[in-house]
Amino acid sequence: METTQSPVHDETALPAQRPVSLWIWLGIMAFISVYAIYGSFGLRLWTPRGPGPGFFPFVLAIAILGMTIIWFVQSLRDPVEASSGSTGTSMRHIVISVATLVIVAAAMEWIGFRAAILLFLLYELLVNAKLAWWKALIIGLIASFGGYWLFNDFLGVSLPVGKIPPFTWLGI
Amino acid sequence: MDVFADLLGGFATALTPQNLLFALIGCLVGTLIGVLPGIGPVAGVALLIPLTLNLEPTGAIIMLAAIFYGTAYGGTITSVLLNTPGEAASAITTIDGYQMTKKGRGGAALTIAAVGSFVGGVIATILLVFAAKPLSTFGLKIGPPEFFGLMVVGISLLVALAGKSMIRALISGFLGLLIAMIGIDPVFGAPRFTFGVPRLLDGVSFVAVIVGLFGLSEVLSGLGATEAKRPVVPGMRGLLPNRTEWKRSVPAFARGTVIGSALGLIPGMTGSVSALLSYGAERKFSKYRNELGTGAVEGVAGPETSNNAHANAALIPLFTLGIPASPTIAVLMGAFLQQGLTPGPTLFVEHADIAWGIIASLFIGNVFLLVINVPLIRIWTSILLIPEKILSALIMLFLIIGSYTINYSVFDVFVMILFGVVGLVMRRFDMPLAPLVLTLVLGPMMEQSLRESLDISQGDFSIFVTRPAAAILLGIGLLIAISPLLKIRKPAALQEDVET
Numbered sequence: 064m065e066t067t068q069s070p071v072h073d074e075t076a077l078p079a080q081r082p083v084s085l086w087i088w089l090g091i092m093a094f095i096s097v098y099a100i101y102g103s104f105g106l107r108l109w110t111p112r113g114p115g116p117g118f119f120p121f122v123l124a125i126a127i128l129g130m131t132i133i134w135f136v137q138s139l140r141d142p143v144e145a146s147s148g149s150t151g152t153s154m155r156h157i158v159i160s161v162a163t164l165v166i167v168a169a170a171m172e173w174i175g176f177r178a179a180i181l182l183f184l185l186y187e188l189l190v191n192a193k194l195a196w197w198k199a200l201i202i203g204l205i206a207s208f209g210g211y212w213l214f215n216d217f218l219g220v221s222l223p224v225g226k227i228p229p230f231t232w233l234g235i
Numbered sequence: 010m011d012v013f014a015d016l017l018g019g020f021a022t023a024l025t026p027q028n029l030l031f032a033l034i035g036c037l038v039g040t041l042i043g044v045l046p047g048i049g050p051v052a053g054v055a056l057l058i059p060l061t062l063n064l065e066p067t068g069a070i071i072m073l074a075a076i077f078y079g080t081a082y083g084g085t086i087t088s089v090l091l092n093t094p095g096e097a098a099s100a101i102t103t104i105d106g107y108q109m110t111k112k113g114r115g116g117a118a119l120t121i122a123a124v125g126s127f128v129g130g131v132i133a134t135i136l137l138v139f140a141a142k143p144l145s146t147f148g149l150k151i152g153p154p155e156f157f158g159l160m161v162v163g164i165s166l167l168v169a170l171a172g173k174s175m176i177r178a179l180i181s182g183f184l185g186l187l188i189a190m191i192g193i194d195p196v197f198g199a200p201r202f203t204f205g206v207p208r209l210l211d212g213v214s215f216v217a218v219i220v221g222l223f224g225l226s227e228v229l230s231g232l233g234a235t236e237a238k239r240p241v242v243p244g245m246r247g248l249l250p251n252r253t254e255w256k257r258s259v260p261a262f263a264r265g266t267v268i269g270s271a272l273g274l275i276p277g278m279t280g281s282v283s284a285l286l287s288y289g290a291e292r293k294f295s296k297y298r299n300e301l302g303t304g305a306v307e308g309v310a311g312p313e314t315s316n317n318a319h320a321n322a323a324l325i326p327l328f329t330l331g332i333p334a335s336p337t338i339a340v341l342m343g344a345f346l347q348q349g350l351t352p353g354p355t356l357f358v359e360h361a362d363i364a365w366g367i368i369a370s371l372f373i374g375n376v377f378l379l380v381i382n383v384p385l386i387r388i389w390t391s392i393l394l395i396p397e398k399i400l401s402a403l404i405m406l407f408l409i410i411g412s413y414t415i416n417y418s419v420f421d422v423f424v425m426i427l428f429g430v431v432g433l434v435m436r437r438f439d440m441p442l443a444p445l446v447l448t449l450v451l452g453p454m455m456e457q458s459l460r461e462s463l464d465i466s467q468g469d470f471s472i473f474v475t476r477p478a479a480a481i482l483l484g485i486g487l488l489i490a491i492s493p494l495l496k497i498r499k500p501a502a503l504q505e506d507v508e509t
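Chains as they are written, first to last, in this note's numbering: chain A, 64 to 235; chain B, 10 to 509.
One chain only, chain B, in its complex shape (with noise of 0.2 Å):
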């Protein structure tokens, strides 16, 4: 079958040794950031980016495709022996995880969170291998038009999903285009929004912006915070699970990926809906479902496979359609466009050997994840032991090198530190950050679909209801943003989630 082929020749690009270092790198960083305090995926992915501007493109990309994956697993160490969800998909890990801590058993939880992550990743992955090639063959079929009606629906869902308010949400994503909208305009050559500024003609650069958003508004959140608690450091010995918490984790394996993988495909769902959706399922399908909340191992188990599904299977929005299904994966999509990459059907015909080595380092990568993480959970605990104000200076510390290093200027160091207040404001009123995020990295691409229909149609906006599909993904965008008009609920646990 070709797509064996496809996967084969993907695996000779990503076992190179120099790839296989960027992938081991990834997941390490990942581990890292996921257990560091003030520091999430997005961020950590976005401050990464210009460090890979020197690289090739496909090293580049595995290695932060495993800085995403891999914070997923970092975050479940703290989730487990801190009782502090290291990353929002993780929260619910706090439940049994620490229960199980508390009875000896945290290095077992650990154990089984990884090889659980291993499943549910690398079941998301062949998912991704068998989607990619039908679902990029539709993509290249679609035109501009139709092109612009995905985004919307792709960004409606998003903000639909976000936060508590959905004007709020939708001011958020509204910003996030106006940004995108500052520099050269792509068609007449003019200049918009500039104010003089030559360092602007370029646009805003999107890793400062994110870099702020997500990482210094977080620092600056935490500051006056009280100290963390220590963290139990578990021996060799009670790292492996015994005989029945495996034999029990099973079951909770399969539903986490089944779970994972569903709602990985859809836009605005995120890792931490899905870790929650599993805690439920399996609340109403474990054989030991009174034990949940007491330190039950399924509920480690099934959210944890869930999160790493969710993490792989958001990829194949991006690799086939070049929609991004999260805020960390819209930074993911920035790293592929400035490395002159546009993720999305043409990949798979221009670069397929690029796509396919990234999809190759996936199941890679959830190896590297699974063999090197489990023995090095002493390491990870050991840094949590920084204490936290010291952690904070030195993360303000990369902050200041990564958005530095975007373009050698501190015109985008002041550009990050701008966003970090204006993200510090907008998570005091409840203004999700997401949507700026998706909105900032596909505004560009927006504005083109649009003006190239327009274009296509020589200024008839008609041609968005006289192509069946573009009208119907329009209408379906516009069912889902008024959808708060129909009295439709957001799940609760989107309203809290800080990826959202």
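Bound-form chain A, shown alone (with noise of 0.2 Å):
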């Protein structure tokens, strides 16, 4: 289900600012364009029979840039707008679920796919949703151990099992 984009946790609009975050972005899109137009001239951009390998990122590259550049123009000199954007709980919430979900998928190739996903599963539910252990821990093993059975023994989709101890030993 799609909503919209504004969520609902973003009711508390934070005071008027223009947010550090928006620099760090257009900073980020200014890099990524700089490092594409670097690494294009090592590409070739011309060659006898036209167009080079770096050709089209150069073009691309050149674009991002300049439209990078009058958005900053227009972020300078365009009335600021009330900021909507997360507040600082919901911000610890994503920063944490990001973080939860890369060592998952770091560790997931090493304690296998099961454990791993018990292990995401009872840390979302019994911090995030709030639930009782024994519920958490229901619904973790039918996810974790359900979801392995119905992907990799049903579908026939392999999902990796554990490499090291204990896990090699427990089978999963």
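Some hints could be false.
Reference listing, derived: stretches of chain A covered by chain B, where coverage requires no fewer than 3 residues with Cβ under 8 Å from a Cβ of chain B [as the list claims (entries may be wrong)]:
#1 88-99
#2 120-132
If you anchor each label on the Cβ, the simulated ranges turn out as follows [what the hints assert, rightly or not]:
#3 B:Glu65 to A:Asp216: 41 to 47 Å
#4 B:Leu346 to A:Ile205: 32 to 38 Å
#5 B:Phe197 to A:Gln137: 48 to 54 Å
#6 B:Asn299 to A:Phe208: 31 to 37 Å
#7 B:Phe197 to A:Val97: 22 to 28 Å
Hints listed in this document are in silico derivations from the structure and should not be mistaken for laboratory results.
By construction, the Cβ of each residue, glycine as well, lies at the ideal position given by its N, Cα and C atoms.
Fit chain to chain and form the complex, with the hints in mind.
Here you go:
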């Protein structure tokens, strides 16, 4: 289900100010385009047969850089809009959830799909959803082991198993 | 007539037990995706692509297409019962749909929506049947410069209509093209921007990018949200519209079909615009226009017919010219490409059986949606009783599985997470996601047609102005691109449309 771009928790608008995050984002855009321009030169822009491998990325990077500069100038000139960005609490939730996902992804090939997903779900359900431990454990076990069975055994989509003890001993 | 023979052949393909099962699964999964918060049609179709790679192409595309049009119906359920649009195209339905629920007619509204979706979907598919041959024959006559021009027009339209700012939409579009350049150069075989990572030699997986952009970023942006409302589950008796409601819906079905089918053909126009214009048409032409906003059945029948007609009509440019009209169609196009099929005019020459099989399945899928969804309304609404935070955790689990199974590698999970964060930032700064998706899928073909054109002209760019069709198409693209300077205003509905 797609909802609108402004999530429900954004109802509390922050004081009107140009967020530092916008400058950081524009800086990232500019860096990507400058890097792509630099990289395109190394790929040859033009050959006797016509455009080289670097031609298209070069043109695109120039365009992104140009548009980023226009956006930057517009942001300086336009009246400051009231920020409807994430509140501190939801930002903390987001950062923690992303970090958890990264840890799960990194751990999955070592401790196996079932253990990694069980730990991930336990964290999400206990800390974010604030479920009772036994409910979290039941949902976590069903989703991780059931999900493994559904995809690995039933649909034939192989998912990783643990490579290190004790996960190898447990056969998960 | 040839068309009927082709279509009959298509039905022979689509009516095999296996393909019927795929259509049924697609309709069920599509409706579920429409109902679930945090995952829309774009991410939903993208997520399922890896799971369909082992299937034969016809079944895989039949299932993914069914998911695509099934989401429109799933989105209606939450619009009507919860006053929360399940997906953008159903937003306008909340006005009268929810009022009907408050009057105890929620079930009837859902049945009217299902029938309207069926009518709109079937008529738009008939349009596809008749447009397929002539348009694909035209498509076969165009060369690389014209194809490049056609893609420029499609992308320009989407960029021009996406989001609030043209500049941000352009950056999004160019960024998608730049990401598409990662990997081995198709002509010289040189690795581009691979940073020495062997996984990047094949490019960045568009599925991982799309799942991150549309799936993970949506879930992340909803974290910390207040709990959703509890739906009112209608009883079976309440599902049946009365005679007056049926009678009043018929003209709205007709108007919705015409509007949705026409707008579906235009790249950049989304189902939400069709639904909005259809609601506007009801306000202007309905005999009961004064009741709109207070639970008038026309306010559900018109928009719901229109958005499903739009979804089916949007397949016409994809099937006949190889041009995706919306991000979801772009993802579907990606699925074609992953199956080794190139959507467009050659599809009807090289894989006519598959093309007509998929078209025939659209009729079957629309029948399935009508037959299975009305009795299953209680099941769909009971899913909404699951707390949103638990659903978010489970959706993230599916996002991990979906991105892992692309190449059976955690690298794609990391790509998904990265683009989830990128998508969140893009939403934060009102950068539309749709241009990035469209250009990411079209990028390699666009570059190929540009370089083929210049190969033909031995590096001379004048080929794009000396060939009249290419010149006209590029002129149109340019005109669209500079439309902000001409003070041409985009429809307000598109500025907030998450699908753009």
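TODO: Check each numbered hint against the structure and report the violated ones by number, ascending.
DONE: 3, 5, 6
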